[in-house]
Structure formats: C-alpha cells, structure tokens
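So the protein sequences, as listed, match chains A and B.
Under the working numbering, residues 749 to 1151 are what the first sequence spells out, in order.
Under the working numbering, residues 749 to 1151 are what the second sequence spells out, in order.
I should point out that these hints are in silico values taken from the structure, not numbers from a laboratory.
Predicted model only: the values in this text are computed from it and were never measured.
One thing to keep in mind: the hints can contain errors.
Claimed, not checked - Examples of chain B residues lying across from chain A (beta carbon under 10 Å, computed): (1) His942; (2) Ala1002; (3) Pro1125.
Claimed, not checked - Taking CB as the label site, the calculated pair distances span: (4) B:Lys1089 x A:Arg917: 55 to 65 Å; (5) B:Glu1008 x A:Arg812: 34 to 44 Å; (6) B:Asp1084 x A:Arg917: 48 to 58 Å; (7) A:Cys1083 x B:Gly910: 40 to 50 Å; (8) B:Arg909 x A:Ala896: 53 to 63 Å; (9) A:Ser766 x B:Glu1008: 35 to 45 Å; (10) B:Arg1118 x A:Asp750: 53 to 63 Å; (11) B:Glu1090 x A:Val952: 41 to 51 Å; (12) A:Asp1107 x B:Asp954: 33 to 43 Å; (13) A:Cys1083 x B:Gly1114: 20 to 30 Å; (14) B:Asn827 x A:Asp1107: 17 to 27 Å.
As the list claims (entries may be wrong) - Per the computed footprint, the stretches of chain B lying under chain A, defined by three or more beta-carbons under 8 Å from a beta-carbon of chain A, are: (15) 930 to 936; (16) 958 to 972; (17) 1030 to 1042.
C-beta atoms are modelled at their ideal positions from N, C-alpha and C, and glycine is treated no differently.
Protein chains: 2
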Amino acid sequence: MDLIPDEVDTAIIATPASTVVEIMESCARKGVKAAIVVSSGFSEEGNKRLEQEIVKIAKRAGIRVIGPNTTGVLNTANNFITTFVPIENLRRGNVALVAQTGMFLGAMLRSIASSQHFGVSKVVGLGNKCDVDDWEALEYLAQDPETALIGMYIEGIKDGRGFLEVSQRVTKEKPVLILKSGITEVGSKVVLSHTGSLSGKDEVFDAACKQAGIIRVRSLEELIDLTKAFAFQPLPRGNRVAVVSFTGAGGVIATDACAENGLAVARISRETEKRLRRVTPKWHRILNPVDLWPAVEASGTIEACNTAIKAIVEDEGVDEVIVILAVFKGMVLPCDLDILKEKRHLDKPLLFCIIGDKDYAELMTGVLERRGFPVYPYITRAVKASAAMHRYSAQRKRLCLLF
Amino acid sequence: MDLIPDEVDTAIIATPASTVVEIMESCARKGVKAAIVVSSGFSEEGNKRLEQEIVKIAKRAGIRVIGPNTTGVLNTANNFITTFVPIENLRRGNVALVAQTGMFLGAMLRSIASSQHFGVSKVVGLGNKCDVDDWEALEYLAQDPETALIGMYIEGIKDGRGFLEVSQRVTKEKPVLILKSGITEVGSKVVLSHTGSLSGKDEVFDAACKQAGIIRVRSLEELIDLTKAFAFQPLPRGNRVAVVSFTGAGGVIATDACAENGLAVARISRETEKRLRRVTPKWHRILNPVDLWPAVEASGTIEACNTAIKAIVEDEGVDEVIVILAVFKGMVLPCDLDILKEKRHLDKPLLFCIIGDKDYAELMTGVLERRGFPVYPYITRAVKASAAMHRYSAQRKRLCLLF
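With the rest of the complex left out, here is chain A:
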C-alpha cells in the first residue's frame, strides 16, 4: 500500500486472515476511506479478537469496513465489482440485494443472472458486519435512484433500533423483502459459526418486521418470486383478483390459494361477460375463475387469450389478474398478445403461471418476463406473489397515514 503513488479510495483485502491487520494499518497510513475485507477466519471461526483489531484501526483512521468474510459489493451502473464469484450477464435493473454471506450470495447472483429476467442495481455482501451494518446499507439504497426495491438475506441484526428506525422510513417508499435465517434454536447456533452473529429471538424480529412494514419471506424461492413481481409490476389498488385459466383445476387451486392468502375473487362485470361471450361457446358458463379452454377450442388460442385477458384487465372491479396457461408441444403459443404490446397502459398487476412442456413453458416465460410480466411455474406461487403485492400496498397506505 505504501508503494502506491496515487490516492486510494477503497482497499479490497483478500489475503489470509493473519495478514489483514498489517494491511489495515497501511491503509490507515495511506488515508484510505473504505475497505472491503473478503478474507475469512475471523469471528465466524471464533477469532473475535482479530476482528476487533481491524475495527479499532478502522475507527481510529476513519475507514469504513465492509466484511470481513464477504464477497463485497457490486454496482451494475459503473461495473464496480469486488466479488470473486464470476457475475457476468447480470442484468442492470431496479433490484438491490443485501446479504450477510459470501458464497451463498455468489450462488444466488449466478442463479439470478442465468435464470431470471429482472435486473439488479446494487449488491452488498455484508459478511460479519464488523463495521458497516445492514441498516446503513438500507439507508444508502433508500436514496439510490437506481433502486426500486430491496431484497435482503440476514443471519443476525446487530443494531435492532437502528434497523427498525431506518426500515420504517424506507418501506414507505420502497418494498423491503427479508429472508432471515437462524430463526430456530439450532439454526441460530449454526449462524454463530457462519457469520459470528447472534441471531436473536424470532418473535422479536417478526414483530419488528410487522411494525416496520417489512415483507418477511420464508425461503429463497419466495424471495425471488416476490422480487420479480415487485420489480416488474405496479401495485394493486385492492384485493379483488380475477383468474383466467386454461384448466378448470387451475381455477380451483388458484381460488383456494386466494382465499388462504387474503385475496378476494372479483365479481366480473356484465360488460366483461359480454366481451368474453364473443369467444366462448354458448353452453359454457362464464364465471371468475374464467375457464378459458372452451374459448380456446372455439376461437383459437390467440383470439381467446387476446379477448379474455384484455376484457378482464379492463374490468374496473378487478385489482389484480392471474393468467394460467397450459402449453403443449405443437400448440400455438400466445406470444404476440395485444396486452403485451400495451404494457405501459396497464395500471394493475398482471401475473402468469405456465404449466406443461418444459421447453415451451420456458420459451413463453422468456417472452413474457422480457416484457415485464412475472411468470411462475406453479399456481400457488403466482397467487402468493399477488397477495404480497396487495399486503404491501395496503400496509404502505396505512404507514403513510401513521407517520
């Protein structure tokens, strides 16, 4: 460090743990402002004192430290990357991710880059959080114009009050989704040997999330499912859902899931019924959920989808729309739906579920998600995403009135 002639803003330290203190000292001499300590072997391996050494040097010299035991940060706007995991092809977008882990965050990012269609603004790997804490990351992301929502993976909260205060402010503007682990007694013991955190009582964390308007998710799957709904779609005004399904059973399963997740089945208007009647055979009863298969057989896939989805989306008694498609080899895929071209005019969430042949489902998923419509492989997951959007929307209205 002492040999570098120019000024240094940020040091990325990825050397064995035993050498980090010396490097931090040279950073202090050099006037470095920030350090990202990738190295592991600190409090997560029982070496608390070594970590405290780093903090002491940092405080004295005014260096902010991210880590140790982290892959660091990533900014898709200027391609600043400190992670050792290859992350090419990560789309630029409106989702910020914060995680208290290294490898797992890397695997998550590779999974998102290779299988999801939403884009990422910033990524922060917090590691052991010896200095920069989760609420500070949150505070930064709240004012970041590139970020519309924040997804977090957390093992333990160090400063509960700070976290609660900041997130209460942030969630009024941007959804914050949190996956927390170490929620069981055995789990919290494992956390100690992973990031050296105390994970705390789960009931306390849960109550804090409710108070702060944080959306708590229970799995990585749910985190990704909800993230893509919030990243792509506008918030709903209410909880009245319409379901358009290629299969009758799909309508039943969606209805159950709606009822179990606080959503109401919308009553479709006379006008909508009339519009649907144009594509559906006379003998078929038009109800919500709309069983679209008779219309597909009578009027063809494209005509049936175009007419039905448009009519349902435009119904003023409907707040959210879920379309369940079944796709088979040899079938005409509704890739050129009118509604896909009119995306900008939609003022309510439109989510899809696609079941059937893998290749066809993936093809159609790509078409829809590239146009900003989230797609789920299972019905209940689409419904849960819809329900989360409604809950956040209703909650935000309340929070904005309260504070």
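Fit chain B to the known structure of chain A by using the hints.
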C-alpha cells in the same frame, strides 16, 4: 358400435354430450365391459340428469364407467392410452397418478415427461366420478406390482367411508400423496362448476388423511417434490439429518428448515470427523452442517465431495443426508462421485439441492436424478421432502402396529 363384428372390451367415448346416452345404449347391447367418457357437458355444467342417464344404463348393463369429463387412463406397461393430450416421452416407472381433472392432468403429465426423471406406471383421470370412484382406483393400484407410490389430485370425495377404509390399508404398503383443492368456501364453489363435486369440510378431510396415514400436500410443487423423493430413495430409519453444504448460509437455512419440520441435526461421529479432516484445512471447524467450501478449496471439488459425502452417508448416527451444491460456470462438476456408482448399497435417503448457474445446475440435476438421487433447486424444498419421508416412515411403523 352395432356394426363392429368382434367383441369390444372398452369403449372410449369422446363425442358431444348429447350423443353419449345413445352410444352407451349401443355399448350395453354389444356387451361392452368398460367405458371411458371423455366428453364434458354433464354435472360440471349443471346437466346432472344427463349424467344419471349414463349411470342408469351402465348399472343395468354391468358397464364400469370412468368419467365423464376426463382424459381417461394410461398404462406405460402396455402403452394403452386414451388421453387427447400428447404424452410421448413419459418414462415408465413406479409412480401412479390419479386426478379428478382432464386438461390439468394433461398439463401435469407433459410437465413431468419433459422436466422430471421419475417414471410413471399408471395414470387415471377420474373426471366427474359418476361410477368408478377414487377408492376403486386406489384399490387397483395397491395391488399393481408396477406401482410403488400413488399421487392424487382430488376435488371432492364421494364415498368417504370407502376412501378411508381402502387408503388405511394401502398406506401400510405404499405412500399415498394427496393434493386436494376446493378446501376453502369459495374454492369449493368453483369445484362444483369444474367436476360437479361436493368438496366437503376441509377439517374432516384432514382428520381422515391423518387417520389413514395419507400424506397431504398443499401444492402441485410439493406433490412433485415429495413424489420424486419417494420414487427414488429408501425410507429413513429415523429423523437425524446430516447436511453437507458448499455455502455456510445453506447450512443455516437447512438447519432452520429441519427444526421447523421435525428433523434433528445429527451429531457426527469421531470417525467421520477424522475422515473429513483428511480433505479439510486444519483451521476449519468440522460440524454438522458441514461447510464443505474450505475442503473444496483445499482438496478440489471431486476429492472433497467424494470423501465428505461418503463419510457422512456411512455414519451410523445419520438417518438422512442432504447435500447442497453451488455450481458456477467454469467449475468442475462432481459428476462422477463414488457414491453415485454405489447407489445400490445406500440404505438411507440422499437428497441434493443445487443452486447457481442454470445450465450447470440442470446438467448436474440430470446426472444425479438419472442415477436416482432427487435434486431440488431450493434448500427448504429438499428439507421438506426429507421430512415427509421421515414422517411417513414413522407413521407406517405405528400403523402396522395398530391394524
């Protein structure tokens, strides 16, 4: 029908509803033994009387009827197929599927054929169940030597007592997994217009499942997840799980999920610790969950995986093993694990979770599942499948003692 010179065993009727009665009468004259009525437009559209006409003819003439409003049956052993949905490439295997639906079953089968590696023995689409009931399908499958487990999608139970009696017997031999819809008040109304069933009180159904040892699942995703665990793996003797993970966070998440689903984290033996020590650097603490990344960095992916997984599987204090792999572009995939070759010698369930690059994850998933090891894209789903295997195994022991 009257013009056919030879005998007819089974008639498949797929004509408009209004013509079915006449065809059934000609079946009766001809001495047909079974009819599969694909046609819809009966009780599910409010035409109860038309359906009763069919039943009357059938009872008088001794014809057993499947349907109406169904895609019928499928037998992979002799390629007897009545469904209108194309089902080529469906693997022959030990899983029987029974569903009270047409299109949805077709979509499910296409999804299974194109994305799953387990095989199917028989498929029964029950439709409106005007004659052949779910318990009769269950009774047939119980004695079918090609079937090792039964997965069902049900909207309503007609003969509760028959169903309970038969399933109590069947679950002692073969796992029965049931996804039931129409479980909410609004959902059960939609069922009426789909298969014309009364779906009943959910609490009653739930109690019946518990009494009969049926595994109740809450989504199609869970049905498929559990099915592949039961189809591929032996039952565990107890609930002590070992987790081997490429990421620390993976171990934490798995531990939480184990605790939440009634599984215990196994204490690994001294002997196992010694064997793991051979591949892991000295500074790393060996615990369960096993954080394998230090070993991967020190000894390479193949060596680390071979040694660790084998040691863990052979530990007598471990009843089930979950391996969490993170796979990245450019990394050596552990495709030739010793344990894959020794499959026949494993006497406990070994499940995998793979996160990371989609292409690599799918490649590795294919390798593992073709050898009979179920793979999940999310950790919690692998744990839930392990937990279901343990619950069934424990329950079966109790049921076998009771009856």
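- Violations among the numbered hints, reported as their numbers in ascending order: As far as the earlier hints go, not one is violated by this structure.
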